[in-house]
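Residue numbers (our numbering), protein chains in the order written: chain A, 1 to 137; chain B, 1001 to 1107.
Check before you lean on any hint, since a few could be wrong.
[What the hints assert, rightly or not] Stretch by stretch, here's where chain B covers chain A in the computed footprint (C-beta under 8 Å, at least three residues): (1) 42 to 49; (2) 58 to 66.
[Said to hold, decoys possible] Reference excerpt, derived from the structure (chain A facing chain B, CB under 10 Å, subset only): (3) Gln73; (4) Gly77; (5) Glu96; (6) Val116; (7) Ala118.
[Unchecked claim] Pair by pair, the computed Cβ-Cβ distance ranges are: (8) Ala118/A / Gly1018/B: 44 to 50 Å; (9) Glu20/A / Lys1093/B: 46 to 52 Å; (10) Gly125/A / Glu1087/B: 37 to 43 Å; (11) Glu124/A / Ala1047/B: 40 to 46 Å; (12) Pro83/A / Gly1010/B: 38 to 44 Å; (13) Gly1009/B / Cys129/A: 49 to 55 Å; (14) Ala27/A / Ala1047/B: 18 to 24 Å; (15) Gly1009/B / Gly77/A: 30 to 36 Å; (16) Gly106/A / Ala1106/B: 31 to 37 Å; (17) Lys1093/B / Glu124/A: 49 to 55 Å; (18) Ala1047/B / Gly72/A: 27 to 33 Å; (19) Ala1106/B / Asp33/A: 37 to 43 Å; (20) Val1107/B / Pro19/A: 30 to 36 Å; (21) Thr1100/B / Ala84/A: 44 to 50 Å.
To be clear, the hints were calculated from the coordinates, so they are not data collected in a lab. Where a beta carbon is used, it is the ideal one built from N, C-alpha and C, also for glycine.
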Amino acid sequence: MAQSTDLALRLRPEAEAVPELLDRLEAFAEGADLPAGVAHRLALVAEELVANVAMHATGASFVEIRLSLEGGQLYLGIIDDGPAFDPLEGTEPDTEATLEEREIGGLGIHFVRRMVRALDYRREGGRNCLTAVLDAG
Amino acid sequence: MQIAEIKSGGVTVAAFEGRLDTATAAAAEARLLALLEEGGVVADLEAVRYVSSAGLRVLLKAAKQAKTAGRGFSVCGLQPAVREVFEISGFDKIIPAYATRAEALAV
């Protein structure tokens, strides 16, 4: 049981690492018997945060993913050794805009905010540490 | 990610299969934009189980290009998880979405 509820993964901070991330999260979701909607939200939040590191933390040599399931909640940690970057400081996209006005971008962190119960950024020991908490049920 | 193309009159149905994410977005975008050069496009997402913001950006770019070129662009067959992403992003208000391919082609 403990094996199916914990995941630790270290990836190169680049788009090419996303398939492995999503494969591992799918396997985790299956092992932990998560509902399909929860599994999708978890994968989405993880991908957006990892993609963010790949895009903004130039100079990071790794991005680490730590995931655990405790008391009906998923704790997702994303850690990288790039320059200090708080993705939570970005502006929100205008989801009421028309097609012509709608800007391409800013959506990833919007999803993250909408899909998590709690979100926290800390700079610690030269690393960016993001923690997201999601409901598992 | 695989994309099957089915011609139906002047419209191409691009049937996606797999994930539309950070890793597959560039290939999907190149394909969709090339198809829009030829005519209208229906992106059939019935076999897509996962779409992230990178995938949505591709659909937004396609919708913008279609509008500029005066061509039709719609999506169909959204799975529940994909529909949720559409709604949270507000894309349900700017990109026409149909339940089935037949409905999308009937427009």
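Outcome of the hint check:
Figure legend: the stretch 42 to 49 of chain A, annotated as covered by chain B; annotation consistent (4 residues with Cβ-Cβ distances under 8 Å, at least 3 required). Counting residues of the stretch 58 to 66 of chain A whose C-beta sits closer than 8 Å to any C-beta of chain B gives 0, which falls short of three, so the coverage hint is violated. Because the beta carbon of Gln73/A sits about 19 Å from the nearest beta carbon in chain B, more than 10 Å, this interface hint is broken. The restraint placing Gly77/A at the interface with chain B is violated, with a minimum CB-CB distance near 19 Å, outside the 10 Å limit.
Residue-level restraint check for Glu96/A holds (minimum Cβ-Cβ distance to chain B is 6 Å; threshold 10 Å). Here the hint on Val116/A is broken, as its CB sits about 12 Å from the closest CB of chain B, past 10 Å. Checking Ala118/A against chain B: minimum C-beta separation of about 18 Å lies over 10 Å; hint violated. The hinted window of 44 to 50 Å between Ala118/A and Gly1018/B is violated, with their beta carbons roughly 31 Å apart.
Distance hint check for Glu20/A and Lys1093/B: the Cβ-Cβ separation is about 34 Å, which falls outside the suggested range of 46 to 52 Å. The hint said 37 to 43 Å for the Cβ distance between Gly125/A and Glu1087/B, and at roughly 39 Å that hint holds. For Glu124/A and Ala1047/B, the Cβ-Cβ distance of about 42 Å falls inside the hinted range of 40 to 46 Å, so the restraint holds. A C-beta distance of roughly 50 Å is found between Pro83/A and Gly1010/B, which places it outside the suggested range of 38 to 44 Å.
Range check, Gly1009/B to Cys129/A: Cβ separation about 54 Å, and the 49 to 55 Å hint holds. For Ala27/A paired with Ala1047/B, a C-beta distance near 20 Å keeps the hint of 18 to 24 Å intact. For the pair Gly1009/B and Gly77/A, the supplied restraint of 30 to 36 Å is violated, since their beta-carbon distance comes to about 51 Å. Between Gly106/A and Ala1106/B, the C-beta spacing of about 34 Å keeps the proposed range 31 to 37 Å intact.
In this structure the supplied range 49 to 55 Å is violated for Lys1093/B paired with Glu124/A, their Cβ-Cβ distance being about 40 Å. The hint said 27 to 33 Å for the Cβ distance between Ala1047/B and Gly72/A, and at roughly 31 Å that hint holds. For the pair Ala1106/B and Asp33/A, the supplied restraint of 37 to 43 Å holds, since their beta-carbon distance comes to about 40 Å. Remark: the range hint 30 to 36 Å for Val1107/B to Pro19/A is upheld by a beta-carbon distance near 34 Å.
Separation of Thr1100/B from Ala84/A is about 48 Å and conforms to the stated range, judged on CB atoms against 44 to 50 Å.
Taken one by one, the earlier hints fail for this structure at numbers 2, 3, 4, 6, 7, 8, 9, 12, 15, 17, listed in ascending order.
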